[in-house]
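J.: Use the sequences and the hints to build the structure in full.
2 protein chains.
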Amino acid sequence: MGEFLKVVHFRQAEEQVKQFFPSPRSEKLGLSAALHRVLAVPVLSPEDLPFFHRSTVDGYALDAASSYGSSESMPAYLSLRGEVKMGEASRLALQKGECCWIPTGGMLPAGADAAVMVEYTERLGDDTVLVYRPVAPWENVMQRGEDIRKDQVIMPAGKTLRPQDIGLLASLGITRVQVQSPLRVGILSTGDEIIPAEAEPGPGQVRDVNSFTLAAAVRADGGSPTNYPIIADDFSVLKEAVGQALEENDIILLSGGSSVGIMDVTLDVLLSFPGAGLLFHGVAVKPGKPTLAVSIGEKMALGLPGHPVSALMMYHVICSPALRTTRAGWVHAQLQVNLASQAGRDDFIPVVLKEEEEGIVATPLLGKSGLMRILSMADGYIHIPYEKQGLEAGQYVQVHPF
Amino acid sequence: MGEFLKVVHFRQAEEQVKQFFPSPRSEKLGLSAALHRVLAVPVLSPEDLPFFHRSTVDGYALDAASSYGSSESMPAYLSLRGEVKMGEASRLALQKGECCWIPTGGMLPAGADAAVMVEYTERLGDDTVLVYRPVAPWENVMQRGEDIRKDQVIMPAGKTLRPQDIGLLASLGITRVQVQSPLRVGILSTGDEIIPAEAEPGPGQVRDVNSFTLAAAVRADGGSPTNYPIIADDFSVLKEAVGQALEENDIILLSGGSSVGIMDVTLDVLLSFPGAGLLFHGVAVKPGKPTLAVSIGEKMALGLPGHPVSALMMYHVICSPALRTTRAGWVHAQLQVNLASQAGRDDFIPVVLKEEEEGIVATPLLGKSGLMRILSMADGYIHIPYEKQGLEAGQYVQVHPF
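For the protein sequence lines, the chains are X and L, in the order given.
In this text, residue positions in the first sequence follow our numbering: the first is 91, and each later residue adds one.
In this text, residue positions in the second sequence follow our numbering: the first is 91, and each later residue adds one.
Just so you know, these hints were derived from the structure itself, not from any lab.
A quick note: this is a predicted structure, and the numbers were derived from the prediction, not measured.
All C-beta atoms, glycine included, are put in the ideal place defined by N, C-alpha and C.
Just so you know, not all the hints are guaranteed correct.
[Said to hold, decoys possible] With a straight-line Cα cutoff of 30 Å, these simulated BS3-like cross-link-like pairs (lysine-lysine) come out:
id, chain 1, residue 1, chain 2, residue 2
1, X, K329, L, K175
2, L, K175, X, K444
3, L, K379, X, K376
4, X, K175, L, K249
5, L, K175, X, K376
6, X, K376, X, K96
[To be verified] Examples of chain X residues lying across from chain L (beta carbon under 7 Å, computed):
id, residue
7, A123
8, E173
9, M176
10, D241
11, V243
12, T250
13, Q254
14, I256
15, G257
16, A260
17, A287
18, V299
19, A307
20, L465
21, M467
[Claimed, not checked] Covered stretches of chain X (chain L as the covering partner; in silico rule of three or more C-beta atoms under 8 Å from a C-beta of chain L):
id, segment
22, 135-146
23, 191-197
24, 366-375
T.: Here is the structure:
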């Protein structure tokens with residue numbers, strides 16, 4: 091039985107993968123294509139927003155001082171000087187004691203510094219408006235530049251663009267943005283017993299599941315996955331396949347037979363490339379101990395356990411935090427049962443979430459770690475830290491949604 | 091000022107939109123393309139998983155009874171009968187008192203009903219194995235069909251496929267699935283003051299933001315958006331544009347100038363189509379009162395407020411729950427400040443989330459509802475219900491992530 095050379099705590103593994111993770115290139119995209127992409131550079135506002143003083147109500151634009159002292163019993167009498175139309179600059183210039191009709195979103199005319207809501211006014215004939223309530227200067231108005239000032243940094247590099255961010259960019263007339271290109275991730279399954287998913291397994295054979303789960307997980311995290319044919323457990327075959335995948339990708343994910351011997355071959359192959367450095371070999375967690383990382387020049391190779399449940403779990407624990415471009419979800423849930431764990435090892439346990447009246451409740455899915463069904467039933471997983479011997483029913487836990 | 095004909099509580103609006111929402115068609119896709127799609131029909135397992143009794147450890151396969159009574163001081167002596175190779179059916183048939191080497195994932199040979207971990211054994215020469223611990227029948231074995239039985243429903247219709255679900259399908263040899271086609275959503279912006287985002291606004295004009303935010307939100311929710319050119323506030327122009335969009339889509343989203351007059355024209359246009367029925371006109375929330383829904387035959391039209399912040403918020407409140415194919419996020423956070431609200435109206439308030447040691451803290455983003463910047467800063471929003479006059483600092487609130 092082979093030895094784990096460099097077993098680390100999973101936080102260390104996560105940090106090391108982050109530290110040596112390849113840097114993405116960048117590209118310029120139109121706004122519609124930029125959804126869920128990550129800004130490669132900060133964005134500065136090219137102009138003031140709004141670009142003019144804008145009414146936030148339907149009513150009358152006026153000089154605020156003209157309304158001072160008015161009340162229900164003693165309205166201010168203003169002369170109506172016409173109206174502001176949507177989408178047009180008014181040629182009006184109001185004097186004290188004058189007003190004009192203004193719709194929500196309309197541009198304040200010269201001489202006006204506030205708007206009074208139509209509800210607090212009354213028309214008297216064609217040219218007089220009664221105002222029953224005083225307004226302060228700039229009341230019911232969004233001032234030029236109040237939302238955003240020209241040259242202000244509105245979004246930092248590294249921000250993932252959501253619909254509302256795309257809206258903010260559009261509102262400033264920014265229709266193309268420099269964003270990170272997705273990292274190219276090559277996915278290789280190894281193992282003499284592994285057959286393609288569409289094939290009929292003979293006795294002792296299992297279908298290639300990791301190619302599908304890992305590619306889907308990479309895509310969900312914002313990466314660009316490429317699948318390669320299944321590789322036999324043989325040094326020279328593996329070396330050639332890895333060489334090609336390294337050339338065509340930024341990162342490669344290998345998932346191998348779960349026995350230690352195959353891990354050893356994988357490790358030997360990876361370390362045979364120039365510029366290769368072992369980051370770790372073995373992570374002190376359950377499930378998923380046989381996990382390794384090697385940095386190869388600017389690129390990176392991760393070896394994951396062969397079993398699909400462990401492979402996907404370890405992908406989530408060590409690779410996803412570095413790759414994903416959307417923020418990890420946060421779910422705070424109450425644990426429904428006691429959970430025992432062995433101290434000195436981090437446990438990751440799949441859970442089902444249920445929304446109850448008092449809040450969200452998490453129920454662990456226990457069973458043999460090999461069950462595929464459990465992973466598909468799970469809404470997420472919880473983590474029992476290294477130093478704990480378990481968790482108690484009723485305790486609040488952080489659930490990492492899948 | 092126009093009248094709201096049928097003002098409803100937002101839950102009612104959400105329910106009515108759900109009830110009259112168009113039904114998606116379905117299509118058959120390969121697994122890789124099916125990520126985040128929704129199953130149109132239930133999936134049954136075509137076979138047992140695993141397909142054979144499989145060892146879950148590296149060790150020796152044996153008849154469990156041969157190990158009974160063994161201990162550290164009194165090991166059982168078994169005859170070694172060779173080994174099982176990965177991916178091969180063993181031709182061995184073990185007798186009582188015999189064992190063979192088996193790797194993790196290997197197929198149990200005939201006559202064996204358990205496996206003992208290599209750690210609890212010792213080799214004595216070429217043909218004897220000492221077993222230091224008894225195993226129970228089926229210990230360290232995953233039995234045929236233990237994970238999934240043939241013809242068992244493994245996923246219900248309506249399930250959104252995540253990476254692990256795709257993995258489970260692959261493990262059963264299911265490489266194509268019948269999924270819902272994305273609903274086609276036409277997006278129309280109306281308003282004389284609205285100009286395309288790439289244009290330079292003159293005084294009083296604003297750029298078309300809703301086309302971008304709504305299309306991105308629809309895409310994020312799993313729909314297939316199409317944008318149409320900006321429409322002037324004119325009955326016959328609007329009627330023609332709406333007619334075309336209704337023909338080409340399942341749902342149309344109109345966002346108009348926020349003044350009530352424009353809403354009235356929109357409503358008149360929508361109700362002029364054969365089979366049109368008003369669901370509601372006005373929702374008792376802030377921001378976003380001027381929101382309407384009309385069902386037109388099998389299709390649906392939603393009128394949203396013109397202001398981008400209100401439009402996106404109302405999209406999230408009434409349309410997204412019916413459209414989205416991924417589960418809404420759950421965030422339980424502690425409110426950092428007191429929040430006042432007017433009873434008799436549902437308030438939706440954008441918040442920023444921060445992870446603190448004690449948990450997640452939500453800070454409301456207050457300010458004029460028109461600020462674009464706020465929406466882009468927000469991580470989500472909270473809801474102050476109808477009957478409440480506010481929320482207190484320290485209270486736990488449900489945050490709807492954007």
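J.: Out of the numbered hints, which ones does the structure contradict?
T.: 2, 3, 4, 7, 8, 10, 11, 12, 21, 24
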